[in-house]
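Participant: These are the residues of each chain, in order.
2 protein chains.
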Amino acid sequence: MKIDIQRRQIGLNFKDGNAELRIWAPLAWQVLVLSGGTSLHLEKEDRGYWFLQTNKIQPGDQYQLKIVTQESGIEPVLRPDPATLNQPAGLTGPSKALDLAYAWTDAAWQCPDPEKFIIYELHTGTFSHKGDFKGIAEKLDHMLALGITAIELMPVAQFPGGRNWGYDGVFPFAVQESYGGAKGLQELVDSCHSKGIAVILDVVYNHFGPEGNHFADFGPYFTDKYHTPWGQAINFDDAQSDGVRSFFIENCLMWFRDFHIDALRLDAVHAIRDFSAVHFLEELRQYTDQLSASTNKTFYLIAEVDLNNNRYINPFETGGYGMHAQWMDEFHHTLRVAAGGERIGYYSDFNGVDHLAKSYRDAYVYDGWYSPHREKTFGRPALNNPGKQFVVFSQNHDQVGNRMLGERSSSLYRFELLKVMAGAVFCSPYLPLIFMGEEWAETRPFQFFTSHTDPGLIEAVREGRKAEFSAFQGEQEPTDPQSLATFEASKLDWNKVGTGKHQLMLQYYRQLISLRKNSPVLSKLDRSGLKAIALADQNCLI
Amino acid sequence: MKIDIQRRQIGLNFKDGNAELRIWAPLAWQVLVLSGGTSLHLEKEDRGYWFLQTNKIQPGDQYQLKIVTQESGIEPVLRPDPATLNQPAGLTGPSKALDLAYAWTDAAWQCPDPEKFIIYELHTGTFSHKGDFKGIAEKLDHMLALGITAIELMPVAQFPGGRNWGYDGVFPFAVQESYGGAKGLQELVDSCHSKGIAVILDVVYNHFGPEGNHFADFGPYFTDKYHTPWGQAINFDDAQSDGVRSFFIENCLMWFRDFHIDALRLDAVHAIRDFSAVHFLEELRQYTDQLSASTNKTFYLIAEVDLNNNRYINPFETGGYGMHAQWMDEFHHTLRVAAGGERIGYYSDFNGVDHLAKSYRDAYVYDGWYSPHREKTFGRPALNNPGKQFVVFSQNHDQVGNRMLGERSSSLYRFELLKVMAGAVFCSPYLPLIFMGEEWAETRPFQFFTSHTDPGLIEAVREGRKAEFSAFQGEQEPTDPQSLATFEASKLDWNKVGTGKHQLMLQYYRQLISLRKNSPVLSKLDRSGLKAIALADQNCLI
Chain A
1 MKIDIQRRQI
11 GLNFKDGNAE
21 LRIWAPLAWQ
31 VLVLSGGTSL
41 HLEKEDRGYW
51 FLQTNKIQPG
61 DQYQLKIVTQ
71 ESGIEPVLRP
81 DPATLNQPAG
91 LTGPSKALDL
101 AYAWTDAAWQ
111 CPDPEKFIIY
121 ELHTGTFSHK
131 GDFKGIAEKL
141 DHMLALGITA
151 IELMPVAQFP
161 GGRNWGYDGV
171 FPFAVQESYG
181 GAKGLQELVD
191 SCHSKGIAVI
201 LDVVYNHFGP
211 EGNHFADFGP
221 YFTDKYHTPW
231 GQAINFDDAQ
241 SDGVRSFFIE
251 NCLMWFRDFH
261 IDALRLDAVH
271 AIRDFSAVHF
281 LEELRQYTDQ
291 LSASTNKTFY
301 LIAEVDLNNN
311 RYINPFETGG
321 YGMHAQWMDE
331 FHHTLRVAAG
341 GERIGYYSDF
351 NGVDHLAKSY
361 RDAYVYDGWY
371 SPHREKTFGR
381 PALNNPGKQF
391 VVFSQNHDQV
401 GNRMLGERSS
411 SLYRFELLKV
421 MAGAVFCSPY
431 LPLIFMGEEW
441 AETRPFQFFT
451 SHTDPGLIEA
461 VREGRKAEFS
471 AFQGEQEPTD
481 PQSLATFEAS
491 KLDWNKVGTG
501 KHQLMLQYYR
511 QLISLRKNSP
521 VLSKLDRSGL
531 KAIALADQNC
541 LI
Chain B
1 MKIDIQRRQI
11 GLNFKDGNAE
21 LRIWAPLAWQ
31 VLVLSGGTSL
41 HLEKEDRGYW
51 FLQTNKIQPG
61 DQYQLKIVTQ
71 ESGIEPVLRP
81 DPATLNQPAG
91 LTGPSKALDL
101 AYAWTDAAWQ
111 CPDPEKFIIY
121 ELHTGTFSHK
131 GDFKGIAEKL
141 DHMLALGITA
151 IELMPVAQFP
161 GGRNWGYDGV
171 FPFAVQESYG
181 GAKGLQELVD
191 SCHSKGIAVI
201 LDVVYNHFGP
211 EGNHFADFGP
221 YFTDKYHTPW
231 GQAINFDDAQ
241 SDGVRSFFIE
251 NCLMWFRDFH
261 IDALRLDAVH
271 AIRDFSAVHF
281 LEELRQYTDQ
291 LSASTNKTFY
301 LIAEVDLNNN
311 RYINPFETGG
321 YGMHAQWMDE
331 FHHTLRVAAG
341 GERIGYYSDF
351 NGVDHLAKSY
361 RDAYVYDGWY
371 SPHREKTFGR
381 PALNNPGKQF
391 VVFSQNHDQV
401 GNRMLGERSS
411 SLYRFELLKV
421 MAGAVFCSPY
431 LPLIFMGEEW
441 AETRPFQFFT
451 SHTDPGLIEA
461 VREGRKAEFS
471 AFQGEQEPTD
481 PQSLATFEAS
491 KLDWNKVGTG
501 KHQLMLQYYR
511 QLISLRKNSP
521 VLSKLDRSGL
531 KAIALADQNC
541 LI
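Quick note, the sequences are listed as chains A and B, same order.
So in our numbering the end of the first sequence lands on 542, straight run, no missing numbers.
So in our numbering the end of the second sequence lands on 542, straight run, no missing numbers.
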C-alpha cells in the first residue's frame, strides 16, 4: 500500500462502480468481509495489507470484517472496519459503506492565511438546541456578525453513545452519526465556505477511546515502549508502525480532500511518542503539503502541544516538524492568575502580569526556566517564531470543562474583568480563540459528559472524576458525567443572547474583534516591535 | 547547585584544605557522611542537594553516606557516594576521597581535528598482559609506528569485580581500581599526549550496571515513562530530571577538565530517552563548548546511535543535538555481508556491495527505506553531513564479542579478504576505527566476560547468553562469561606480532594507514566528489 494523496487507500472506497476494500491486519491469517449474507476473502498484499475489489458491496450496504488467526482454538472475531466511515448501530455494530463524493459549491474558496484567524471553538452536541451540524449552520450569521473567520469543531469521530466531548472517539474516519454523519459535515463545511468562514477540525491521533477499541485484533496499533496517561501508547515508531502512521496520514488527507476542512487541530501531540528519524508530524506535514500543491488550496496543521519546544512549529529547514501553529496554554494560565484566579495545580507556576508580559513578548513563559510544578527545567525560547504560530484564549473546552463544576469565566470573574481578559486575548500578537458562548458571557456550565455503554467503564469514569477533585470538593460533588442532565445543562442558552448584560458583552466582543481586524497594529502579528511591561504592584500590563 | 565548568560541584572535592561534599538526594530527610568514626550532617540546599564543608575528611580517607528517610520503620541505609571517585573495596564498600589535582605535562597539546583521527579501540583489561593503564602506555610506540592518532578506551568506570567489558559500570566518576584508578588514567593520558596521541573514552549514560546500583535510594534516577533493554530508563525528562542530567554533565566535564580526555564516545544514546525541549545531548554539547572556550582546547562528543537520524550530529542551527560524530554500524554490516559473512539477524537487511556503495555515498544505508529486519521505514538522509562525522570499522568490540564464540574476522575470513576489508575502511571518506589486535590479525577471540559477585546474577547472565545463541549453537556451547578462562583467552597475544602472517598484516596496516594519511584524496573527508559504483555480479565496488 502506497499512500496516494488523490484517493484514500484504506477502508472502503468506490471506484468505477466497484467497491475497493483495503484492511491493514498484519496479525491475521485470513481476512473476510461479510455483507448481505455473502462472505468474501480479501487477498494478502505486502506489509500486512489485505485487499478486495468487488461489485457485491454498494453504497449504503453494511459490512463486517472477519479476522481469522492461525492459532488453533481461537474463534475468528467479527469487527467493524478500523477505517469505517459510518457506524449506524454504534461502535461494535457493522460498518456502512459510504461514497464520499459530494457536489461541492466552494470551488472559489481559499482559506485565509492563519494570521487572519479569529477562531470560535465549539462542541457540536451542546452548541445548538439541535446538537448537530445543522444547528451550527443556522448560526453562521451570528458568527459573521461577531467577526469570526474560522470555527473549530471539537472532535467528531464516532464515539460511544450520543454524548461525548469527542476525545473518546474510536473510529477516526467515521463522522458521529448523531451529529449528521459524513454528509452533514460536508454540508456544514460547504456552508461555512460560502459565508467566508474557515473550518478547523479537532482530531485525536494520540489515543483511542476506552470503549469499542478492538484495533489490537488487527495489528500492532500499540506499543509498550512508552506509557501515556491513557495506558499503552499508539505505535508510531516500533516494529510495523508504518501501518499505524499511514492510518492517521490517510485520516488527515481525508479531512482536507474529501471534507474540505481547512485546518486540523491535532490533540495533545506530546502524547504521540515517536523517536523515529522522521517524526510522524513531519511526515504528516509532508503529505499535507503535497495535497496543498496538488489542489492549489492551502491546508494547515495546528498542534496542541505542552512541551514549550518550538521544534514542533519550526520549519523543516531548521530541524522542525513543520506544524503551522500550536496552542499556547501558558498564556491562558498566567492570564487567569492575573485575573485573580486560583493558583493551584499547574496554575501554581504562574504569577500573573509579570508572566503575562513574558508571554506577550516571548510566547512561552517557561522557555528554559525551572518549573516548580513540573519539578524540572522546562522549555526553550521561541523568539523567532511569528505570532501567528500561537493560538491563545482566556478559556477553552478544557479549561472550562475540566473544572469540577465546569464553570465558565462568566461565573468566576466580574463582568468588567471578563472584558479585560477578552481584551488581553484580542490585543495579543497571537491568534485569538474564543469558546462558544463566551461572546455573550454564557453562564451555563460546560461540563464533562459521556454516554458510555459499558457499566464498568461508566463507574470507573465517575469514580475517576470524584478522585480527581477529591482535594477541592468541600461540600460539593462533581457532576455525574454519564447523566443526561449534565449534558443538557451544558447546552448554550441562545435565549440570553439578546438580553441585558449578555447583549452588552456580545456588542463588546463584536467591537473588539472589529478593532483587531481593522487596526494594523493589532492585526499584524509581528512580535518584533512589541513591548510588554508589567507593573506587578498595580497588577497592570502596558 | 549550579554547574561550574571550572570545578566539579557534586561528590567530594578539595578546596583550600577543606573537603566539600555535595550529594543529590531529593528523597532523603537527612543525609550524613560517616568517615573515620565521625558522623557529620549535610545541610539541605535547593532542589534536593545536600552540602557539607569540612576539614575532617582528607585525601585518602574513606567515607560512606547515610540516607535517612522520613518514613518511620525504614532503617537508614549506608551507601557509597553516587559520584565517588574511588571504591577501594568494590561497589558496595566505602568511597575514598581523592584529590584529582595532577601535574600535567601536556600544556602544549592540542587535539587534532577529528578528520585526522585514526582510531584504535581497546579494552584495558585484555589489551596487555598487565591488563591496566600501564600496559597500554608501554605499547604507545606500537601505536605510533602503526599510524594511530587516537586510542579509544572501552569504559573504565568502576564495575563489579576485575573482569568486565565496562558496560556494567555503576559509578561513572570512579576509575576502575584494577586498571590503575584515577591517577593511572591521568598518567596514561599525559603519556599519550606527549606522543601526539589523542584519547577517546567510552562512557555509558544510558543505564547503570545490574550490580551495586542503589541510586534509587537517593532520588528519582529512573522513570517508568519508558522501557529500555535494561529495564527502567534513566530519568532524563521526567520530574526532578535536572539532578540526573547534571550528574552526567558533571561526569562529562570531569573527563575533559580533570583527565584531559579529548573526546567521549557516548554509548548507545538512542537509549537516552528524552522528550525535553532541550535534549540532554544538546545540553551536554553546550557545556562542552563552554569548557572548550574557557580552556582553549577543543573537546569532542562522538555518539553511538542506531537511529539513522542525523538530528544527533547536526549543528544547533539546523535543529541538531550537535554531536561531533557518530558510529556507523551499517557500514560494518554491509561490508561483512559483502565479504561473505552470515546474513542472519540485523545482517539480513544488507546485500553486500550494493549497500556498501550506498554507505560510501550517503553514509546511512537505510535513509528512508523500509527495513525488513526492523519491520518499518527507517532513517533519513544525511547527505550534507561531512565524512568526518562518521566512524566506520570492519570489526569492533561489539561485533566480535557479541558472537557466541567471540571470533575475530581473522578466524572467519581468508587472509586476503581481511586486507580487502581493511582497505574498504581506510579508503572510505569516514573516520576509520580498528579494534585492538586487528592490525596483526590476532586469532585469539574477544569474548564476553564478567566477574559479578551476585550468584543469581551470574546464573542469569550465563543463561541469558545461552538463550541468545540457542538458535545457532549446534554442537557448541557459548563460553561461560563468568569464567576466568574466558577472560584470559581474550587477551591479546603480543608474541604473534613479529611472526609470519601476523607480521605481514601489521606491515599492510602500517602502509595502508600511511597511504591514507599522505594521499589527499583519502585524507580529505569531503564526500562531494565521491562516486561509488557497485558491480554486484562481480561482488565488486569501484
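Accuracy of the hints is not assured; some may be wrong.
When chains are identical, the list treats them as one kind, so a pair holds in a single copy or across two.
Unchecked claim - Below, in silico cross-link-like pairs of lysine to any residue (SDA-like), each with a Cα-Cα straight-line distance of 25 Å or less:
{"#": "1", "residue 1": "Lys2", "residue 2": "Gln240"}
{"#": "2", "residue 1": "Lys15", "residue 2": "Ile249"}
{"#": "3", "residue 1": "Lys419", "residue 2": "Ser514"}
{"#": "4", "residue 1": "Lys56", "residue 2": "Asp367"}
{"#": "5", "residue 1": "Lys388", "residue 2": "Ser483"}
Simulated from the structure, these hints should not be mistaken for laboratory data.
Participant: Hints first: check each against the structure and report whether it holds.
Facilitator: Hints, one by one, checked against the model:
no. : hint             : in the structure
1   : Lys2 to Gln240   : within (15 Å within a copy, 44 Å between copies)
2   : Lys15 to Ile249  : within (21 Å within a copy, 59 Å between copies)
3   : Lys419 to Ser514 : within (15 Å within a copy, 77 Å between copies)
4   : Lys56 to Asp367  : neither (58 Å within a copy, 42 Å between copies)
5   : Lys388 to Ser483 : neither (40 Å within a copy, 65 Å between copies)
Violated hints, listed in ascending order, are 4 and 5; each of the other numbered hints is respected by the structure.
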